[in-house]
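Q: Letter by letter, the chains look like this.
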Amino acid sequence: MNNVLNIVYLIPLLPFIGFLINGLGRKWLPKSAVGIIGSGVILGSFLLSVWVFFQVKGGNTHTADYFNFLSVGSLTIPFAFQIDQLSSIFLLIITGVGFLIHVYSTSYMHDETKEHFGRYFAYLNLFVFFMLLLVMGANYVIMFMGWEGVGLSSYLLIGYWFKNKSYNKAASKAFVMNRIGDLAFLIALFWIIGKINTVSFSEVFSAASISKFSATDITGITLLLFIGATGKSAQIPLYTWLPDAMAGPTPVSALIHAATMVTAGIYMIARSNILYSLSEVTMTVVAITGLLTAVLAATIALKQNDIKKVLAYSTVSQLGYMVLAMGLGAYTAGVFHVMTHAFFKALLFLGAGSVIHAMGGVQDIRYMGGLSGKIKITFITFLIACIAIAGIPPFSGFFSKDAILLAAWQKSPVIYVIALLGALLTAFYMFRLLFITFTGKFRGTEEQKHHLHESPSAMTIPLIILAILSVVGGFIGIPNVIMQGGDKLAAFLQPVIATNGEAHHVAASTEFMLMGLSTALVILAIVAAWYMFRNYQYKESKGLGKVLENKWYVDEMYDAAVVNPLKKFGNFLKNVIEKSGIDGVVNGAGRLVQYGSRQFRLLQSGQTGSYILLMVLSMVIIFIIQFFLRK
Amino acid sequence: MPINYYIFLSVALFCIGIVGVLTRRNAIIVFMCIELMLNAVNLLLVAFSKMHHMKALAADVASTAGTDGQLFVFFIMVVAAAEVSVGLAIIVMMYRNIHSVDINFLNRLKH
Amino acid sequence: MIAVLLILIPLITGLATFFIRNDKLVKAWSLFATVITLAVSISGIWLVKDAKYLEHHGTWLQILGSSFSVKLDALGQLLCLLTAIGYFLIFTATWKNVYSKSYNFYGLMLLALSGLMGVYLAMDALLLYFFWELTLIPVYFLCSQWGGERRIAVTFKFFVYTFLGSILMLVGILYLQSKTADHSFSIKSFYELQTTLSKGDQSWLFWLFFIAFAVKMPIFPFHTWQPDTYQQSPTSTTMVLSGLMVKMGLLGLIRWLVPILSIGAEMWSYTVIPLALIGLIYASLIALRLSDMKLIIAYSSIAHVALMCVAVFASNEIAMQGVLLQMFNHGINIIGMWMVADMIEKRTGTTKFSGLGGLAQKAPTMAIFFVIISLANIALPLTNGFAGEFLMFTGIMKIHSPYYLWFTIAACAGVVLGAAYTLRMVRKIFYGELSTEVTGFEDVSLNEKLALSLVVILILVLGIYPQAILNMTDSFSKDFIERINIIQFLPSKTGI
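Chains as they are written, first to last, in the working numbering: chain B, -7 to 623; chain A, 56 to 166; chain Y, 175 to 670.
The following block holds chain B by itself, in its conformation from the complex (with noise of 0.2 Å):
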């Protein structure tokens, strides 16, 4: 089938070609000429996304198949992409985002010497390559291949600056978590093949193989994909890799760690939809861990020092958000909050970078200051992101966010008010944030505040340009009470979330309040948090503060009942039982032989005498049994 889509196997191979380059030539290649083609590239497939976007939206959806990955038997996974809607919306938000985050690091990550920056976005456009088979995978297989890619991408990239000792840990916890959750994701794709022999996103989702699963089998599909999720979304019980991950470079932290791979379980469940949609048991798991996770991360976040940190715990939050939506059947509500997140979050994480290269290196916000008059861009375009982070019409955050609330009061004023309560706790923090770091005197030495310049063009029109998005990024999901028709989000989603028509039960009346409802209190926040931290002192926290700040001491329960232990158990297995057990087994054996040997040569005693002896016992003894006992 000849379709002009084919060509689409370019959107993944830029990039990878880019890592190609950049990873081979970086010993040789100048900075500016590995700048330019890791951002080119991705320019290249940002491009192509477009056109593709465009594509899609006159209709032309299709599934290009390249080759046959895996045959066996009767089962048959092709190497394919598959261009429908979803995947052209997460193209253009991945290669989008990443081409600013790319032109950003250029600029960021310039003191690094030539190889190591020809290293960096050599591992930055893997990453990007490793993104796209994700979304464009047109089967679980394809899709599972960019999932563990990514993992990989964002261990190589967490531990960049391998020479430091925390950081490389950091790098390898992201991992195995990731790998735990993988795990599930792996079992639900065995328990798919099992049943239906097939691993295509259009044969699972088709009524034939849908009627073929039992309800327990969707459940437990549903379930450990969502478990998959949970450690590549960072949710609840799989999420404290996360923050651990602000190790990287800052940059990576606002692709990676916020716009693109922390998504791929919300982009997979949206896939999933239909099956999905199938199990009650599921959705009310998924809601709840969502609502959860966003609840807990930002009381975290209410107590962080670290300006990454406090944005690390709001991803965490924010995606606990969207797999709120998910879980409620919101899935467009979800995807459109993936979209608006990635704009804010981004710029959030790279405004959080230009404050870091302005304060030398200083991560910490009880250093900073009345930054707002140095570094002006900086301060406005962070302002921009939290006032859409709060979710203030008309910013985009506020769209997303509230079409998640609606679906919540739809489902249960409980979730509801919950989730009202994580909003309203998302507001006070971030605004916390902004306060403490741009307001307020400089709590810094003087030599850092000599230091202090806004950063140089190369990052300052990216944030420019994520502002901007930030702010008429919500005008495609206007919802309908609003202006009719002005969904356009759910309106070009439909053919792939089926079952997002949930008939608005609620009267146009309602729903304005909630919105503004939701608003005011947000407002309310964002001015106590004003008058608290405008002029902002540290003081030593206690009691429930401490313990926010100590993030729960979630980690050190893992520690201790997860880590420690087989720790112990290794220990225990390689000491005793390989030691003293098995070997020693071995080992007695051989002993054995060798105190049997010893006492048989005692019969040689030499004495000849003893010797006739023997002879006439045994000849005796043959004697007796040959004619007396054989018959």
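Treat the hints with care, as some may be off.
[Said to hold, decoys possible] As a list, the in silico PhoX-like pairs of lysine-lysine whose alpha-carbon atoms are at most 25 Å apart:
#	chain 1	residue 1	chain 2	residue 2
1	B	Lys155	Y	Lys526
2	Y	Lys526	B	Lys559
3	Y	Lys245	Y	Lys652
4	Y	Lys245	B	Lys157
5	Y	Lys536	B	Lys161
The set of hints was computed from the structure by calculation and includes no laboratory data.
Model the placement of chains A and Y on the given structure of chain B, informed by the hints.
A: Below, chains A and Y alone, put in the same frame as chain B:
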């Protein structure tokens, strides 16, 4: 004479021979006992040979049954002679070295 | 013809090597021998289409019923290709290593190669046993002459342990031969025994053979010879032991044990599978706490082979294709890891973590190669390890047992632990601060780069297009499954 008498005598001689081999310390006495055992066997062979011959003669006058026993006696005697000559030679060599024929001194086989 | 050539070429070149006294010539000659072997095995797979050139039936010990019959079937092709490539990689990577009396060393290595080829190609049970033991002898000398400090005791233990296993196999072979219709050792006659041998017989015969193969592979709890031996023997020999001789055990399972003693295999598979899985988790947990690179690679090899053993007993086509693919992959990957271990040992004299650290700062290229090979070992997608393990897991999930889910979870847990200890190893050796013990660590030399690149290329090519091997072994897997499914049609499987 009934064959039983020959058997009893032969067995008695054989047992005396064995006991002698096992318990006596003088090498020459051990040799004599070995000879005793061999002769006990000879006796038995001759006795049975005669018995079979007698039985065969009763049936058929010119048969030669039972001669193999007596032939075998010759073999045993030859073997005994050879063994005694070699053994006595060894005892003489032993006596020349350690001036004794006590077999308990023969424990060098261990090394 | 080709089969005989594959055995003869290393044998003759190996014997010739003992007489060459020039070091450089010895190495060149050995490399040349492996290149020829590689060429012959490649031609045997892709160039020679006429089946009769691939086999040979000669007279040998006719009076016992044994003939010299060798044949290059799909499994043999795969393993011979792996062995030839493996040896080429080994000789290339260790080109700069200095051995005393190197003519002996390389001669013995080539003799071991000849024995390995013989095992893979033998279609006669006594011939199989002959070559099985033949591989042991050169390896014994290699380990005891050029090994580490405790080499004598360790090699002795290895020899006696493995020999004990082989003796059990010999007993089994002899018993089977006595039961065949024409009192011959040929594999065809043995295959006919599949349906005629009684269930009780198959039961204890299974264990005789399985223990022999379990000691070779090794499978828990018969594995204790392996870590010490891998650690003490010279790294070239370890590569042969770990990457190639392990496949002897698997070949025994696939070609000699399961098709003949199918009823016994079915009976005992629910004992063997949990045993192997316990071994997998056990080895992974221990590897998590070790601090010597060589020991970690050794235990990781135990874990991988345990998984393959489980997949063989899963008795379905997908698992079998996975095992065959993974045999090739594991050979390449583990040889790659041993290569890097060898490089580190040659440069610093130790492979313990206490003496290493931060090597990536001095040797970034080596670090990158090692990271890629480690990722292949933990089955990252787009590496060859993923395709093999994916197929094996899918096959394990299809086992007809109420516990199939637990088996799969256990196997997957092994994979997670694998990631943990492998990344820990990479971190402790290559990342972090440069250890004070390490001075003047050179990056990879040309020959090492060549060998490592070849490994990485194979990893990536087979990762993207595993069908290359799967197509080769497709018909073999189908035949295998058909053969073991015959027992499903027997009138009564209980108390035949």
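Q: Could you run down the list of hints and mark each one as holding or not?
A: Cross-check of the supplied hints:
1. Lys155/B / Lys526/Y: holds (19 Å)
2. Lys526/Y / Lys559/B: It holds: about 19 Å lies between the C-alpha atoms, which stays within 25 Å.
3. Lys245/Y / Lys652/Y: The given pair, whose Cα atoms are some 19 Å apart, holds under the 25 Å limit.
4. Lys245/Y / Lys157/B: With Cα atoms ~54 Å apart, Lys245/Y and Lys157/B exceed 25 Å; violated.
5. Lys536/Y / Lys161/B: holds (20 Å)
In summary, the one numbered hint that this structure violates is 4.
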